[in-house]
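Novice: Sequence:
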Amino acid sequence: MAKPIGINRLSSHFKKSILSNGVRVVSEYHPHSKSVALGVWVLTGTRDEDPEEIGMSHFVEHLVFKGTKKRNAYQIAKSLESLGGDLNAYTTREHTTYHCTVLKEDWKTGLEVLSDLVCNMKISKKDFELEKKVVVQEIQMSDDSPEEIIYDYLFEHSYANHPLGRQILGKAETLSKLTQKSVYDFYKKFYQGGNLIVSAAGPLEHDALVIEAQKMFRSRKKFTVPDTRRAPRWKAARKFYDDDSEQVHILLALPSTSFHDKFRFEAFIVNSLLGGGMTSKLYQAVREKQGLAYSIFSSLNTQVDSGNITIYAGTDPKKVKKVINTIKDELLKIKKDGIKKSDLDLFKTQVRGQLLMGSDDIENRMTSLGVNEMVFEDYRSVERVIQEVEAVNEKSIKAYLKDHFDLEKMAVILMGPHVSKMKSWVNEIDFSRK
3 MAKPIGINRL
13 SSHFKKSILS
23 NGVRVVSEYH
33 PHSKSVALGV
43 WVLTGTRDED
53 PEEIGMSHFV
63 EHLVFKGTKK
73 RNAYQIAKSL
83 ESLGGDLNAY
93 TTREHTTYHC
103 TVLKEDWKTG
113 LEVLSDLVCN
123 MKISKKDFEL
133 EKKVVVQEIQ
143 MSDDSPEEII
153 YDYLFEHSYA
163 NHPLGRQILG
173 KAETLSKLTQ
183 KSVYDFYKKF
193 YQGGNLIVSA
203 AGPLEHDALV
213 IEAQKMFRSR
223 KKFTVPDTRR
233 APRWKAARKF
243 YDDDSEQVHI
253 LLALPSTSFH
263 DKFRFEAFIV
273 NSLLGGGMTS
283 KLYQAVREKQ
293 GLAYSIFSSL
303 NTQVDSGNIT
313 IYAGTDPKKV
323 KKVINTIKDE
333 LLKIKKDGIK
343 KSDLDLFKTQ
353 VRGQLLMGSD
363 DIENRMTSLG
373 VNEMVFEDYR
383 SVERVIQEVE
393 AVNEKSIKAY
403 LKDHFDLEKM
413 AVILMGPHVS
423 KMKSWVNEID
433 FSRK
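Under my numbering, the first residue of the sequence shown carries the number 3, and numbering increases by one thereafter.
Calculated directly from the structure, the hints in this document are not laboratory data. These numbers were taken from a predicted model, which means no experiment stands behind them. Every residue, glycine too, gets a C-beta built ideally from N, C-alpha and C. There could be a bad hint or two in this list.
[What the hints assert, rightly or not] Straight-line distance between alpha carbons at most 30 angstroms, and here's what the computed DSSO-like set of lysine-lysine pairs gives:
1) K335 to K425
2) K411 to K237
3) K72 to K106
4) K68 to K128
5) K436 to K342
6) K264 to K343
7) K237 to K320
8) K241 to K411
9) K72 to K110
10) K400 to K264
11) K134 to K223
12) K411 to K283
[Stated by the list, open to error] Label-pair distances were calculated between CB atoms; the ranges are:
13) R435 to D145: 33 to 39 angstroms
14) G279 to K72: 42 to 48 angstroms
15) S184 to L357: 39 to 45 angstroms
Construct the entire structure; sequences and hints are all you get.
Specialist: Okay, here's the thing in structure tokens:
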């Protein structure tokens, strides 16, 4: 039987239960939605792989769609598409997620298909080898996309000699050495018990969800997630990749907060201020005022024990120095002066609006449930998150900037035509000084 956890005081629509084998079930009731979003979260990602398994998590994610004990690849694809639903999956450095969105009357079918993928993988030797070729093509496609691969280069060098530095897709040479037995062993080890979370949002009753989950995941054994993760050390890497693309792709990055850091929402606000939209400092300074780049934005990338803020820009090779110096000037202003109250209020309102609009999307809510259970083992309502955002003030922003916004640790990755010729002046840049 499932062990009920009860209802969080901040939302009468949220419930959580733990099945006897350790599988966690979390749900949020949205009575007015016409559809249900469901996800199964496997708390294993690229950083949990052994060196000889690099790319295994992503490869398993591919393989489960090739066949199960109940369905072949076509039947898996048809199972929910024939109902107007959507079925997909993705792998990150810290977890793998299988998810679907279906009409409310089809939620049991959606859950059954997800459980089939997670519990019943079965593939032929032929399909195993064919899918290797497909993933190799995916790797090659990523390699041909500077806007994607440049982030892998950043992680590889700034988290050097750490599992977080590995490419999620793996590499062709390691992929070629994976065997069916090693893949099945990985699948059987990690797709179990306490390493699984079922999350759902929509007009479905929690008790009914638990009953179905008990049936569909009863084959999962008890499993305790191994505590093998270690926090990375950040390296202020500066790397240059010559490429025959038209533009130079610039990626700057500095370490930031983890999911558990008390300044996580300060980092969220600072990221929004930096490059979160058209009103951001970098967008205005680089694109609007000088026309130096079409694309410029920042991102906050958060892990359970680390994090970073990245700044991306694509520009003409002749404008690289001007773009980098403009970004540097804006960073120094923020580091020195903090954030004006008017700017802080603007971006807090912006974040609040994004959160509230996102809460209308049940897939967004399902994802939030899964992430919060995975990271915090707790429910965090939209209202609670907004309260934490509203608590950010000029003083806490200054504390975040002092503790985390260390411009001496700036990493720089350049990719484009003849960027290796830019090494000398780029390596001399001190982002912490005028």
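Novice: Name the hints, by number, that the structure is in violation of.
Specialist: Violated hints: none; all satisfied.
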